[in-house]
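Produce the entire structure from the sequences given, and follow the hints as far as they go.
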Amino acid sequence: MIRLEPRQERSSALSIAAPVVAAIAALALAAIPLFIAGAPLGAAYAAMFNGALGSQFALAETLTRTTPLIFTGLAVAVAFRARLWNIGAEGQLYVGALAAVVVGTGMIDAPGFVLIPLLFLAGGLAGAALMAVPTGLKLKFSVDEVVTSLLLNFVVLLFVSMMLEGPLKDPMGLGWPQSEAIVDEGTLPVLMARTRVHAGLILALFMAVIVHIVMARTVWGFETRAVGSNPSAARFAGMSTSMVMLRVGLVSGALAGLAGVSEVAGLKGYLTQDLSPGFGYSGIVVAMLAGLHPLGVVVSAFFVAAVFVGADSMSRAVGVPSYIANLTVAVALLAVLVAGVLTRYRIRIQKPGARNV
Amino acid sequence: MSDLFDIITAAAFWSAAIRIATPLIFGTLGELICERAGVLNLGIEGIFTAGAMSGWMTVYLGGDLWTGVLVAALVGAGFGLLHAVLTVPLGLSQHVTGLGITLLATSASYFTYRIAFPNVSSPPRIEPFQPISIPGLSDLPFIGPALFQQTPLTYFAVFLVIVVAYILARTPLGLAIRASGENPAAVDSQGLSVYGLRIGAVMAGSAIMAVGGSFLTLSAFNAFFFEMIAGRGWICIALVVFASWKPGKALLGALLFGAFDALQVRLQQSMGGAIPYQLFLMLPYVLSILALVIMSRRAAYPNALMIPFIKGQRS
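Quick mapping for you: the protein sequence lines, in order, are chains F and A. Numbering follows our numbering, in which position 31 of the first sequence is assigned residue number 31; successive positions increment by one, without gaps. Numbering follows our numbering, in which position 93 of the second sequence is assigned residue number 93; successive positions increment by one, without gaps.
By construction, these hints were calculated from the structure, which means they are not laboratory data. Quick caveat: nothing in here was measured; it's all calculated off a predicted structure.
To spell it out: a stretch of chain F is covered by chain A in this simulated footprint if at least three of its residues, at any positions, have a beta carbon under 8 Å from a beta carbon of chain A; those stretches are: (1) 133 to 146; (2) 154 to 163; (3) 278 to 289; (4) 336 to 349.
Sample of chain A residues with no beta-carbon within 10 Å of chain F, all distances over it, derived: (5) TYR60; (6) SER122; (7) ILE134; (8) ASN183; (9) LEU252; (10) LEU256.
For every residue, glycine included, the Cβ atom is placed at its ideal position computed from N, Cα and C.
Here it is, written out as structure tokens:
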């Protein structure tokens with residue numbers, strides 16, 4: 001009989017080792033689908049590494065991809081910490097982007113240092129407003145927020161499509177459903193010449209630090225963690241768990257909304273229906289790999305971004321479908337969950353017939 | 001308004017509603033079995049995708065249609081086993097694991113499809129299930145064409161609802177499954193294995209979900225498309241709550257939902273572009289959320305849903 005026995009103390013070395021082991025395991029397991037696809041393994045991994053980190057340009061592409069993942073990873077990490085299951089970061093990202101193009105395509109004539117914060121403010125508010133729906137339904141009617149936040153992703157995507165074919169459609173867009181471009185004053189500056197890395201990355205890193213400080217050092221953060229780890233104790237200590245949940249929901253939605261603004265104003269310039277290749281869902285993986293730690297999110301977002309960017313190169317080099325990236329990332333998520341068990345429990349092998357005590 | 005009356009009194013409308021409901025019947029039934037045993041299965045969206053892809057691929061490679069359904073069921077059971085092992089003996093978060101299963105099953109399906117067809121402009125097709133008329137019944141006026149000229153998997157879905165309802169309500173196995181979801185310690189004290197029951201229920205439920213996915217590629221359509229599941233799995237999760245975890249009500253809920261969806265499509269056509277079509281397409285999702293809100297006050301979740309069972313430990 002194999003039994004799991006809780007460890008008395010969680011070693012911090014193990015908590016850091018767990019995601020690293022999971023990430024390596026996921027990359028190693030990617031060999032199986034690569035083998036099935038008939039790709040030469042050495043060349044495939046080399047192409048992946050070079051494509052993600054092998055040159056200044058590759059690194060810049062990875063950092064560009066890291067930016068939205070930090071925002072959505074933070075959004076998920078904050079929510080999951082309070083056991084609020086926000087799976088709607090994808091939708092919140094899109095309403096954030098929508099708000100940015102509403103405000104930023106000529107509605108307001110202002111210099112950059114006014115307009116850019118305004119765009120992020122609008123996007124954050126839009127994301128928060130969207131997440132207020134599942135959070136409110138959870139608190140008011142105890143409706144499971146997983147399903148509502150997931151279903152809202154589909155509603156939002158259809159809404160975006162409706163806006164892009166209707167009021168927000170670019171008349172110069174040659175019939176494509178896309179918005180007008182963000183005005184120059186609202187466009188985020190590029191950080192490195194001849195690359196696509198933009199100032200959104202700075203904001204993402206800044207937010208990670210802020211979220212870390214709030215979670216680790218303030219009453220807000222303490223309450224969030226308390227509600228997540230032991231809601232009845234939190235209530236007993238006089239905290240209003242609903243207020244904490246609502247606050248967490250709004251902050252989480254806002255963070256995901258910022259991802260949308262950053263992508264539109266920093267990278268794409270205008271809004272299309274394929275702005276995000278699932279950044280909201282990847283945010284779940286990023287947050288879990290980070291152990292829900294805000295600074296860890298930066299590292300895991302970089303890892304997930306590298307997998308995606310590297311897989312694109314690998315796909316071109318050895319002709320493997322780029323879905324290999326999604327596959328690797330999904331395995332990484334499951335692997336980190338399993339690795340987490342090993343940090344919390346000891347595996348004991350018991351002789352058959354021995355009594356449980 | 002007379003439009004609306006014309007629409008819902010047409011036999012073709014009800015026939016379409018039942019067709020749309022079929023994958024949801026499978027999905028809701030499968031999820032219901034998992035949840036009755038105490039395990040939330042958010043892998044459903046991915047298992048639908050895997051069932052749709054593997055069933056279709058089997059037939060495309062020369063298998064017959066029922067072999068396709070069987071392969072889909074086995075693939076579904078496989079992902080179910082993975083979900084169950086991670087959430088039952090290891091006791092991992094059912095939410096996060098389920099989402100992980102969805103990401104894994106979806107990407108594995110897309111990856112496999114892309115390996116088989118690296119660059120196809122139009123998806124390859126197969127010869128799908130044809131409608132079967134039930135002798136005698138299908139000649140009935142109105143009811144005949146509405147109910148009794150469906151494809152075989154639809155009849156199978158209804159049959160499965162009856163079987164599952166019977167097993168859950170009337171057999172010792174059903175009692176044991178329900179008890180694992182309500183009071184696992186009691187099951188354990190009877191000398192039954194909670195792990196075994198839960199793992200078995202999740203595998204069976206996942207197999208049924210996957211068959212629902214295969215209905216889309218083997219019956220409703222004749223090809224596999226990316227993003228074709230389009231949230232049907234999540235809708236099933238809402239329908240389980242709506243159905244109060246009862247197979248009969250799950251059937252009714254799925255049919256009601258199918259009727260609304262069929263109505264939405266027809267209204268969209270009869271409005272002729274006066275209202276943006278996206279608003280109609282939103283209806284199924286909005287409706288699911290509303291159903292959850294309406295039922296939430298009465299929702300009696302299985303007591304031990306999402307609570308891992310650890311032998312010898314009181315929860």
